[in-house]
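As you go down the protein sequences, you meet chains A and B in turn.
When we follow the numbering used here, the leftmost residue of the first sequence carries the number 118, and every step to the right adds one.
When we follow the numbering used here, the leftmost residue of the second sequence carries the number 1172, and every step to the right adds one.
Keep in mind that a hint or two might mislead.
What follows is a set of in silico ranges between Cβ atoms, one per label pair, in the way DEER data are often shown [what the hints assert, rightly or not]:
#	chain 1	residue 1	chain 2	residue 2	range
1	A	Cys-255	B	Leu-1189	37 to 43 Å
2	B	Gly-1188	A	Thr-130	51 to 57 Å
3	A	Val-330	B	Ala-1218	26 to 32 Å
4	A	Gly-316	B	Gly-1220	48 to 54 Å
Listed next, the stretches of chain A that the computed footprint assigns to chain B, with coverage defined by at least 3 CB atoms under 8 Å from CB atoms of chain B [to be verified]:
#	segment
5	201-208
6	275-283
Simulated from the structure, these hints should not be mistaken for lab results.
We put the CB at the ideal spot given by N, CA and C, even for glycine.
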Amino acid sequence: MDGIGQGPRVAFTLPIFGGIEITETIVIGWLIIAAVFLICRYLTSSLEKVPTKKRQIIAEMFVGFVNNMVETTMGKKWKHYAPYIATILVYAVLGALVSLLGLRSMTADFNVTLTWALMTFVLITYYKIRSGGVLGYCKGFTSPFAVMLPLNLLSEIATPLSMAFRMFGNISGGAVITSLLYSALAALSKLCHVAFEFGGIGVNLMQLFIPAVLSIYFDLFSGCIQAYIFATLTMVYVSGADDSPDETEAPAAS
Amino acid sequence: MLTEKAFVLGCSAIGAGLAMIAGIGPGIGEGYAVGKTIESIARQPEAKGDCTRTMFIGVAMAESTGIYAFVVALILMFANPFIGKL
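Make the full structure from the sequences, and use the hints.
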């Protein structure tokens, strides 16, 4: 049972500042960044005003999807937030789907999800202070009654923590269950005498089909849904921090 | 009779089991949500896409507290912090 539920392994150590350890998570993050960069270069090469190539249609579909999502959830005055939400969405989806390649998911590391949730927390605080002033921000904690102060403080802290834990728990829980399943199937193969050893590599025939079927739920479905929910919650909280109506919109005709 | 480490490990195992009692909540809540979704689809079959998508979002949100309990149980079983303090 050793090796199940342990954190990401250290890949190498930078010798500056007394040794910064670079873990698997960071290396896989670099791979994802490189992959996204190459995909974006490919999708946006030779654009035309009327799309004739499949890759431009795919790019326009994705941009239209994110723009639509941001406008529906946040309202028209937050249209400029679409690039940030698209980054979070793509990073979270690819971070979870990397486990289909046999690597450890980037979002199965609590540091990653906590960082994104803390960014959302900083954004919420910034917009609250910008729209209400520091005094309005502090008074917001005592609304509607003064006795609600500890409860409001708690809910303010619980917001980013719950976002981080939700994504981390789903993805890393799926990884733990999958590795437990692999161990169980290896023991079952030994029992049924279908476990072989080629040099240093063990092959267990019972491991062939069942984990792939379960990974449709744990990797594909769970990864995509949790990424979508993280992006949606970010949008809802940030737009809720600055509720003032849009001044540049034309007033409704009376 | 019992070493300290054995006692702490045993209590951690019991704690992990007790933590997963929180799995009842999401089960009941999500079942209720799915039931309401089926009712609304039966009332208006054209809204099936919208109902299903919203249901999935609601189910993933309701799953959160079950996941928190799962994380606590995992930490107690695999990354036990109490052993280091012995």
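So, going through the hints one by one against the coordinates:
Between A/Cys-255 and B/Leu-1189 the C-beta distance comes to about 39 Å, which sits within the given range of 37 to 43 Å. For B/Gly-1188 and A/Thr-130, the hinted distance range of 51 to 57 Å is not satisfied, since their beta carbons lie about 38 Å from each other. Between A/Val-330 and B/Ala-1218 the C-beta distance comes to about 31 Å, which sits within the given range of 26 to 32 Å. Evaluation of the 48 to 54 Å hint for A/Gly-316 and B/Gly-1220 yields a pass: the beta carbon distance comes to about 52 Å.
Using a Cβ-Cβ cut-off of 8 Å, 0 residues of the segment 201-208 of chain A lie near chain B, which falls short of the minimum of three, so the contact claim is violated. For a cut-off of 8 Å, the count of residues in the segment 275-283 of chain A with a CB near a CB of chain B stands at 3, and the three-residue condition holds.
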